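This is what each chain is made of:
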Amino acid sequence: MILRNAKILFNKRVSVDLYHMGLVCPDIAAKIQPGQFLMVRIQDRLDPLLRRPFAVHRLYPDDPPGSFEMLYKVVGRGTQLLTNMQAGDSVNLLGPLGRGFRLPEEKGSVLMVAGGIGIAPLPYLAETIAASGCQGPFVLWFGGKTSADLVCVQHFNDLGFAVQLVTEDGSKGRKGLVTSHLEQWLAQQDELPEVLYSCGPYPMQRSVAEMAARLGISSQLSMEALMGCGVGACLSCSLRCRPPEGAQDPHYANVCQDGPVFDGEEIVWD
Amino acid sequence: MILRNAKILFNKRVSVDLYHMGLVCPDIAAKIQPGQFLMVRIQDRLDPLLRRPFAVHRLYPDDPPGSFEMLYKVVGRGTQLLTNMQAGDSVNLLGPLGRGFRLPEEKGSVLMVAGGIGIAPLPYLAETIAASGCQGPFVLWFGGKTSADLVCVQHFNDLGFAVQLVTEDGSKGRKGLVTSHLEQWLAQQDELPEVLYSCGPYPMQRSVAEMAARLGISSQLSMEALMGCGVGACLSCSLRCRPPEGAQDPHYANVCQDGPVFDGEEIVWD
Amino acid sequence: MANDSPISLTVELGPLRLKNPVMVASGTFGYGQEYAELVPPERLGAMVVKGISLEPRSGNPPPRIWETCGGMLNSIGLQNVGLRAFLEEKLPWLRPLSVPVIVNLFGNTVEEYRELASALDGQEGIDGLEINISCPNVKAGGMTFGSDPEMAYQVVSAVKSRTNLPVITKLTPNVTDITVIAKAVEDAGTDILSLINTVAGMAVDLQTRQPRLANVVGGLSGPAIKPIALRMVWQVVQVSKVPVIGLGGIVSVEDALEFLIVGAKAIQVGTANFINPPVTLEIIEGLEDYLRQRGLEDINEIIGTLEIPEGPPGTEH
Amino acid sequence: MANDSPISLTVELGPLRLKNPVMVASGTFGYGQEYAELVPPERLGAMVVKGISLEPRSGNPPPRIWETCGGMLNSIGLQNVGLRAFLEEKLPWLRPLSVPVIVNLFGNTVEEYRELASALDGQEGIDGLEINISCPNVKAGGMTFGSDPEMAYQVVSAVKSRTNLPVITKLTPNVTDITVIAKAVEDAGTDILSLINTVAGMAVDLQTRQPRLANVVGGLSGPAIKPIALRMVWQVVQVSKVPVIGLGGIVSVEDALEFLIVGAKAIQVGTANFINPPVTLEIIEGLEDYLRQRGLEDINEIIGTLEIPEGPPGTEH
Ligand SMILES: Cc1cc2nc3c(=O)[nH]c(=O)nc-3n(C[C@H](O)[C@H](O)[C@H](O)COP(=O)(O)OP(=O)(O)OC[C@H]3O[C@@H](n4cnc5c(N)ncnc54)[C@H](O)[C@@H]3O)c2cc1C
Ligand SMILES: Cc1cc2nc3c(=O)[nH]c(=O)nc-3n(C[C@H](O)[C@H](O)[C@H](O)COP(=O)(O)OP(=O)(O)OC[C@H]3O[C@@H](n4cnc5c(N)ncnc54)[C@H](O)[C@@H]3O)c2cc1C
Ligand SMILES: Cc1cc2nc3c(=O)[nH]c(=O)nc-3n(C[C@H](O)[C@H](O)[C@H](O)COP(=O)(O)O)c2cc1C
Ligand SMILES: Cc1cc2nc3c(=O)[nH]c(=O)nc-3n(C[C@H](O)[C@H](O)[C@H](O)COP(=O)(O)O)c2cc1C
Ligand code: FES
Ligand code: FES
Numbered sequence: 001m002i003l004r005n006a007k008i009l010f011n012k013r014v015s016v017d018l019y020h021m022g023l024v025c026p027d028i029a030a031k032i033q034p035g036q037f038l039m040v041r042i043q044d045r046l047d048p049l050l051r052r053p054f055a056v057h058r059l060y061p062d063d064p065p066g067s068f069e070m071l072y073k074v075v076g077r078g079t080q081l082l083t084n085m086q087a088g089d090s091v092n093l094l095g096p097l098g099r100g101f102r103l104p105e106e107k108g109s110v111l112m113v114a115g116g117i118g119i120a121p122l123p124y125l126a127e128t129i130a131a132s133g134c135q136g137p138f139v140l141w142f143g144g145k146t147s148a149d150l151v152c153v154q155h156f157n158d159l160g161f162a163v164q165l166v167t168e169d170g171s172k173g174r175k176g177l178v179t180s181h182l183e184q185w186l187a188q189q190d191e192l193p194e195v196l197y198s199c200g201p202y203p204m205q206r207s208v209a210e211m212a213a214r215l216g217i218s219s220q221l222s223m224e225a226l227m228g229c230g231v232g233a234c235l236s237c238s239l240r241c242r243p244p245e246g247a248q249d250p251h252y253a254n255v256c257q258d259g260p261v262f263d264g265e266e267i268v269w270d
Numbered sequence: 001m002i003l004r005n006a007k008i009l010f011n012k013r014v015s016v017d018l019y020h021m022g023l024v025c026p027d028i029a030a031k032i033q034p035g036q037f038l039m040v041r042i043q044d045r046l047d048p049l050l051r052r053p054f055a056v057h058r059l060y061p062d063d064p065p066g067s068f069e070m071l072y073k074v075v076g077r078g079t080q081l082l083t084n085m086q087a088g089d090s091v092n093l094l095g096p097l098g099r100g101f102r103l104p105e106e107k108g109s110v111l112m113v114a115g116g117i118g119i120a121p122l123p124y125l126a127e128t129i130a131a132s133g134c135q136g137p138f139v140l141w142f143g144g145k146t147s148a149d150l151v152c153v154q155h156f157n158d159l160g161f162a163v164q165l166v167t168e169d170g171s172k173g174r175k176g177l178v179t180s181h182l183e184q185w186l187a188q189q190d191e192l193p194e195v196l197y198s199c200g201p202y203p204m205q206r207s208v209a210e211m212a213a214r215l216g217i218s219s220q221l222s223m224e225a226l227m228g229c230g231v232g233a234c235l236s237c238s239l240r241c242r243p244p245e246g247a248q249d250p251h252y253a254n255v256c257q258d259g260p261v262f263d264g265e266e267i268v269w270d
Numbered sequence: 001m002a003n004d005s006p007i008s009l010t011v012e013l014g015p016l017r018l019k020n021p022v023m024v025a026s027g028t029f030g031y032g033q034e035y036a037e038l039v040p041p042e043r044l045g046a047m048v049v050k051g052i053s054l055e056p057r058s059g060n061p062p063p064r065i066w067e068t069c070g071g072m073l074n075s076i077g078l079q080n081v082g083l084r085a086f087l088e089e090k091l092p093w094l095r096p097l098s099v100p101v102i103v104n105l106f107g108n109t110v111e112e113y114r115e116l117a118s119a120l121d122g123q124e125g126i127d128g129l130e131i132n133i134s135c136p137n138v139k140a141g142g143m144t145f146g147s148d149p150e151m152a153y154q155v156v157s158a159v160k161s162r163t164n165l166p167v168i169t170k171l172t173p174n175v176t177d178i179t180v181i182a183k184a185v186e187d188a189g190t191d192i193l194s195l196i197n198t199v200a201g202m203a204v205d206l207q208t209r210q211p212r213l214a215n216v217v218g219g220l221s222g223p224a225i226k227p228i229a230l231r232m233v234w235q236v237v238q239v240s241k242v243p244v245i246g247l248g249g250i251v252s253v254e255d256a257l258e259f260l261i262v263g264a265k266a267i268q269v270g271t272a273n274f275i276n277p278p279v280t281l282e283i284i285e286g287l288e289d290y291l292r293q294r295g296l297e298d299i300n301e302i303i304g305t306l307e308i309p310e311g312p313p314g315t316e317h
Numbered sequence: 001m002a003n004d005s006p007i008s009l010t011v012e013l014g015p016l017r018l019k020n021p022v023m024v025a026s027g028t029f030g031y032g033q034e035y036a037e038l039v040p041p042e043r044l045g046a047m048v049v050k051g052i053s054l055e056p057r058s059g060n061p062p063p064r065i066w067e068t069c070g071g072m073l074n075s076i077g078l079q080n081v082g083l084r085a086f087l088e089e090k091l092p093w094l095r096p097l098s099v100p101v102i103v104n105l106f107g108n109t110v111e112e113y114r115e116l117a118s119a120l121d122g123q124e125g126i127d128g129l130e131i132n133i134s135c136p137n138v139k140a141g142g143m144t145f146g147s148d149p150e151m152a153y154q155v156v157s158a159v160k161s162r163t164n165l166p167v168i169t170k171l172t173p174n175v176t177d178i179t180v181i182a183k184a185v186e187d188a189g190t191d192i193l194s195l196i197n198t199v200a201g202m203a204v205d206l207q208t209r210q211p212r213l214a215n216v217v218g219g220l221s222g223p224a225i226k227p228i229a230l231r232m233v234w235q236v237v238q239v240s241k242v243p244v245i246g247l248g249g250i251v252s253v254e255d256a257l258e259f260l261i262v263g264a265k266a267i268q269v270g271t272a273n274f275i276n277p278p279v280t281l282e283i284i285e286g287l288e289d290y291l292r293q294r295g296l297e298d299i300n301e302i303i304g305t306l307e308i309p310e311g312p313p314g315t316e317h
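Chains as they are written, first to last, in the working numbering: chain A, 1 to 270; chain B, 1 to 270; chain C, 1 to 317; chain D, 1 to 317.
Worth flagging that the hints you see were computed from the coordinates, not collected in a lab. Any given hint might turn out to be false.
Claimed, not checked - Which residues of chain D face chain A? A partial, calculated answer using Cβ under 10 Å: (1) LEU54; (2) ASN60; (3) THR68; (4) ASN74; (5) LYS183; (6) ALA184.
Since we're looking at a predicted model, the values are computed, not measured. Heads up, the beta-carbon is just placed ideally off N, CA and C, and yes, glycines get one too.
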């Protein structure tokens, strides 16, 4: 766990309410794994009070060394403040935190599912998998409310992903919910993917996990929770999970420490 | 009473912990009198919570129209934040507030006394008096802890003021307290000034007022207080004053409304 | 939705009918004159004026205010012009205004409260009384009336016995169980409850090692106390039969909506007036927009609509 | 002054001797392991671990946390691994550390408190107990032990009867007069007092119109409550004969100094650990600098040095 002030390289709007922020922090860049996250202190005053959790969107080991990128969506006070930050300013980072994604076998076929801002941690995962020598095939199902949510698709194409787009308003790709189209698509496949990685809103994650369970695909889901500390000290980021041997029920795991990536089977869904 | 967002023209450091901030706000510039003040909301967040009171240091009716300048000293959170503001940003102003200085007679001789940041409201007063056709003579006694406090002296010279400088560490002008040197100086004058304007820390104001009373000079003192509202609504900016006819004792005046400028005789000093 | 859809913000608080639920809190808006240039009193649902006592009061020596994180401490010491000056100098300006004027009052003894109520009853231009029971009872060694159900009951009965005006009782948060006090003053006949008053707090100047307030302890107000106020309003609306006015830390329409949703029929804005004088007007417009956006037409459709999923309440933390 | 002048931060809290007055607050620092990479526990004056109960507890359903202006609400529901797992899994890691370890404990009945005390007494590696009395007494219809002097007395006597360890009793601020509770637990034999625990609060989600916390009500902590905490510490030090540990909203050395000056012999840091993990180390260094700058050598020279000019205290606002 490292605590550092990181210089901002750039902070640019990429869509209606989505921003890319480039940061330099070699110590963290050297250690962080796909799916792990950072607790970001936006400024050293007391409003907002708490750090905010963000994933690493892409890693740029070389230009400049130890730099990476966050993709963030403006949803409230903290993310609004982030938009005011400029190149040269710095933010305080705590990380790498949590349990990231486990990588697939050499010749494993990979399915990724993203809902809205859930795309954030997947490019770094995709880069890592592609670099790991894994053969694929690679498929990304990416759903959003509108076309404005469907960012960085080209990057997945470049990495050899077949990208399937879905929007609730039909403004891009198929119309409707990503999960329903995904279900139909899976039904048509004669070879099922070996691993499924998914990140998105709770209801999406639930149907993805249920789908995966039905079809016997092992699923790894990056879950969200409101967080106080990010390190397992405050017990505020609870996610209901299957109780381990002898533990009482309900059993609450810490998303920040036991996750954010969970196996679909671990989670007890509301 | 006017509420406006005012654009910042410049915000430059002029001494160790002193800054000049130029602002444009024609509506306020058109109405504000020397000695009146503004309640400044530094930013639209909740930290710092309350507005901060500042005087108008100089008025620039023409370049650009309706612009003026504040002189501020960094003493805490709010003024620290002010230093981060840049040309083009804006602050929210409430004003003009309070009772300013009364101008002297045509041929009145004028003595001004300033302690530290107490210089802030005096240049605008001096400009106004000079422009009023008053003949003077004009004298400014200006005391500070060190030479770093003694700013905008040249401007007073240009306005025809004889400026007497005093520093506690002797780094500039006479060494010691401005009030003791002032007292000696007054003792040597065969013509006493008709009006005395003074602004500075409470102990200085007290001895200035007592001195003026002894010598029969009418004194106008700009007083400070911690302020909540600046408009007379919260009663937090109390200054103990002589009770008016039939009022109970102790009597507390509102610095924001009954002042900030008080006649020396009104105040009951601790 | 069409901007011209008819929106009603009218709320009924027992005998008190307000054209909108947005009031200004006592001691933070003077007598209305101070902010009149920026906030026409007529626009407000009601105006609560600075608390008055039988005799004029000098208040506490300065410093009387200190800013804290998200809040401010004040120890004004209830400085006020007193009953006579209020009737002679302040009321005449308020009388012609077409806004309900609520007079906030306090005393050092039950008798003083009673006398004040009699003196204010039937005065033209006064539309209601708000009893500030967060004051020390000199006969009870300075313990505040509002922290003891029996004393609170006595004060409210005394006032009710001498006035036909709608009576609001304003509760202090500095108690173990605010519902006990709420029930006591309800039994005493209060028509309306308002809460919360300030939370007792303190700050120290490290340079002088003296308290920031000459009175040592002062009242904390502002956004910092909003969660406390909201919790107490929620607790009180569950047990009380009379309408509740919510206040404490409201600075925005979002804050106001939280109080209305938990069950407050109206809200008061205090400290926020200092920071952003037109805040009450912004809240009134914001409430209309909120209703419009949801296709609602009446503010009463959202009051008390807090939805509690399942799962055991009961406070553990 | 020379930077090498010998500065002593050692404080004596009755039976407890700390190399410096800076502790971490229960529930905000886990069991020390979580932050060990950034904050070597040995540097701390003492470490209070997450509250434990006889049996493991699942805690409340999420959401359990919400940020407010200058503070945060939490309703963890006292989730913890329980006594046995604590002794078997957590204590072995703590035992070798050269830092006093204080175990924070709570129960639903007086008996549970008593049993816990017996079980923890004489365990190597435990240097003191902190009794969290801000818990609902199931036998008293969920009223918290800490809000009733009699119940508080019983809990503390029960614990004292079963342990020779230094006993800290942690007071809740959600009471009318905290000095009454302080005196009660002092009579029951507590060696030390710590205050404050969180202030009960609430927040509402305007989109869903549901409470932000599944438990509806939660505990407010962070800078927003500092003025309340400081006031209560000041009130308690004036009436109590045992040493007081101050906490509530401390985020900086300046905050810590305010508590020491009003009379706290030590302080605890809670929420600030989340925001700025090394905050306790910064406070320790800051205290040394503060003493050095004033030519002082011993932290005890500033504890309880609050100077009150003249003028009548007594709370009016
Ligand atoms: C492990 C993890 C990784 C994340 N990675 C990213 C990322 O890469 N990019 C990104 O844009 N967002 C990410 N999030 C979500 C992000 O942390 C929140 O959107 C952010 O904290 C909101 O802060 P705010 O101050 O703008 O909103 P607030 O003002 O705090 O809240 C505004 C709204 O946002 C919701 N919200 C607040 N915090 C969270 C949260 N932690 N999770 C979900 N909703 C929240 C609240 O319910 C509220 O309705 C991640 C969350 C987690 C737990
Ligand atoms: C009518 C009036 C006119 C003023 N004009 C000017 C001016 O032109 N230029 C200027 O630099 N300052 C002026 N001041 C003082 C200025 O308002 C304070 O210095 C400022 O509010 C401090 O804010 P802060 O957040 O930086 O300090 P805070 O963090 O609020 O406090 C830091 C320290 O500053 C002291 N302080 C805070 N507010 C005041 C206050 N209102 N008066 C005196 N001390 C205070 C506090 O006691 C504290 O010790 C004026 C004050 C008044 C009442
Ligand atoms: C400066 C000041 C003066 C106050 N005077 C009174 C008063 O005279 N009577 C009263 O009942 N409440 C008084 N209050 C309390 C407020 O009316 C209100 O209950 C409290 O400030 C909480 O609301 P807020 O957080 O919106 O300010 C005063 C508050 C402040 C800040
Ligand atoms: C997430 C969280 C968990 C807490 N858990 C406990 C606990 O188990 N036992 C206890 O006595 N206090 C607990 N507290 C209260 C803190 O120890 C402390 O009293 C309170 O937070 C005020 O201090 P602060 O403002 O510095 O956080 C908890 C506080 C928080 C924020
Ligand atoms: S955020 Fe604190 S335990 Fe997960
Ligand atoms: S600052 Fe509010 S009355 Fe003067």
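These are the hints, each one checked on the structure:
Using the Cβ-Cβ criterion of 10 Å, the hint placing LEU54/D at the interface with chain A is not satisfied: the shortest such distance is roughly 13 Å. Proximity of ASN60/D to chain A holds as hinted, the smallest CB-CB distance being about 8 Å (cut-off 10 Å). For THR68/D, the interface hint holds, since its Cβ comes within 10 Å of a Cβ in chain A; the closest pair sits about 8 Å apart. The beta carbon of ASN74/D is positioned within 10 Å of a beta carbon in chain A (closest approach about 6 Å), and the interface hint is therefore held.
Restraint check, LYS183/D versus chain A: the minimum CB separation of about 33 Å is more than 10 Å; hint violated. Hint on ALA184/D is violated. Least Cβ distance to chain A is approximately 30 Å, over the 10 Å limit.
Violated hints, listed in ascending order, are 1, 5, 6; each of the other numbered hints is respected by the structure.
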